[in-house]
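**Student:** Here are the chains, one letter per residue:
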Amino acid sequence: MFIALFAAVSFPGLRLAGPTDGDLVDRFQHGDGRAFDEIVRRYQDKVYTLCRRWLDDVQGAEETAQDVFIALYRSLPGFRGEAQLSTWVFKVTLNHCKNHRLYRSRRGYRRHETIGGPPEDDGPERQIADEGSGTDAKVHRSEAESLVTHALAQLDEEHRQILLLRDVEDLPYEEIGDILDLPRGTVKSRIHRARAELAAILARKIGREDL
Amino acid sequence: MDTFFARNRLSAYLDGDLPTGEAREVEAAINRDPELRAEYEQLRGAVDFLRSNGPIAAPEGFANRLHIRLAAEPAPSRLRSTLRRVRIDYIGIAAVAAMALLFVGTRHGGVDEPPPPPPPTLAAAQAPGLPEEADAPVAAAPSVLDQDAGFATAPPASHATKPSASKNVARSDREAYQADWEREAPAADGSLTTGTSGSATQSTPTQTLYSPAPWRYRIHAGGDNPLKDLIAVASSLGGRIVDAKGRPLADYPMDEGDSQAVRVYVPSYNVEALQRKLKDLGTVDTIATDPAMLYQNGAEVPVSIEVQR
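Residue numbers (numbering that gives the first Met the number 0), protein chains in the order written: chain A, 0 to 210; chain B, 0 to 308.
If you're looking for bench data, these hints aren't it; they were derived computationally from the structure.
Treat the numbers as computed from the prediction; the structure is a model and nothing was measured.
Just so it is clear, CB atoms sit at the ideal spot from N, CA and C, and this is done for glycine as well.
Hints may contain errors.
Said to hold, decoys possible - To spell it out: a stretch of chain B is covered by chain A in this simulated footprint if at least three of its residues, at any positions, have a beta carbon under 8 Å from a beta carbon of chain A; those stretches are:
#	stretch
1	42–52
2	66–72
As the list claims (entries may be wrong) - Over the 10 Å line for every Cβ pair with chain B, so calculated as not near, a few chain A residues:
#	residue
3	18
4	81
5	177
6	182
Stated by the list, open to error - A partial selection of chain B residues facing chain A, derived with a Cβ cut-off under 7 Å:
#	residue
7	12
8	55
9	56
10	61
11	62
12	231
13	235
14	272
15	274
Take the sequences, apply the hints, and build the full model.
**Tutor:** This is the structure we're talking about:
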């Protein structure tokens, strides 16, 4: 433990945080199945989040997320490391989400609206319970998640995907550019516009003072 | 820095992505202009809200359920993946070589020359991909799709070459060739072949130009007019559908026991959507797939489908 700490302080470049994605891919390509388990562990929340936020459908999100990992499993032997694994994973996830959504919309799938009908856009719609402990915290979390979902659903596809990659998946501009095939400047300006739009939507829904 | 420029840099400022000098100027503008400050606070609030409420953990048991699905997958192999790529390259080269031979033959036309050497046979072209075929879960009696010889990789172009090629073969060969060509001609209703499986894929000289598609399915269709449904599916996915001669498929009501081979060309990112939609049409057998083809920037991917009713 002490040695590890000493090494980390003395040699910041030294890797102590486990294998890199590249290492895992290499091990998997050489027949180590556990490496794929580690890749799943590493990416399952990220992939699931993206699917869930994109599709707003628990079952569809899990199915799509699993499809992504199956595609990864099939293709990983031929993965040549020309891009980062994460870039590839997010790219495939977005493609799967778009396809799933398209498929769903063409089959006439509609989410059930609340009994009161779709939410009005004018004026603050609801107040979020104060964050606290126990049940209040759960209510807050659930309300907030629902608000995020509704707000994201109102964004157009371009803005939604770039916000998810930047502010939910916490990816740097460069990687977002690689995933979406956009130059860095376009990524920056699009993020700015998407955030401004999101802020306006949230302000309408919960009021400026609550943001 | 005026308010306009500062406003355009609020997001980058929030991300700490501005050079020090610019960041200071934006900060000064925010402190100077209450409206800009309010805008900044709203933007920051939205980003914080999204960051703290956006991520969702995968549901419990996600990895276990994934493992169950993966258990049904054949063991991944770099060799297989490489062979798939090699096979595709090989087929492309073989097709180009065959076309070049036909072209040269046409330029030297006019005299009864011995027939040009036959282009690589389908079996030869398939050789590098054999391990994939061995993995195919369905290895039933020979059918249209198992041979998959009636499909053109580039349908209209390859068909256009056939009549001119026939000028250069010996008379007897030409007659035989012509007979084969006519035998493949569509019925009056535009359909190619109905009837029992396998009848559409007799080995003919023309078929050696074709290659198997990387994605092949067999549907045991449930509806009354599966071809019509399939045309609608292809169209909904931005694809096109052709019959075994490479012509746009004309649908016709299939009788019980009929079989029809078609090829659907869809953008690569829609191959999986196509697979899902096929399941709506009936029971689907996957005969061979090549996932490596799936993410090639939307390139058109041929998917062979044998429809059985």
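**Student:** Each hint needs a verdict: does it hold in this structure or not?
**Tutor:** Verification of the hints:
{"no.": "1", "hint": "42–52", "result": "holds (count 9)"}
{"no.": "2", "hint": "66–72", "result": "holds (count 3)"}
{"no.": "3", "hint": "18", "result": "holds, 18 Å"}
{"no.": "4", "hint": "81", "result": "holds, 13 Å"}
{"no.": "5", "hint": "177", "result": "holds, 13 Å"}
{"no.": "6", "hint": "182", "result": "holds, 15 Å"}
{"no.": "7", "hint": "12", "result": "violated, 10 Å"}
{"no.": "8", "hint": "55", "result": "holds, 5 Å"}
{"no.": "9", "hint": "56", "result": "holds, 5 Å"}
{"no.": "10", "hint": "61", "result": "holds, 6 Å"}
{"no.": "11", "hint": "62", "result": "holds, 6 Å"}
{"no.": "12", "hint": "231", "result": "violated, 10 Å"}
{"no.": "13", "hint": "235", "result": "holds, 6 Å"}
{"no.": "14", "hint": "272", "result": "holds, 5 Å"}
{"no.": "15", "hint": "274", "result": "violated, 10 Å"}
The structure shown violates the earlier hints numbered 7, 12, 15.
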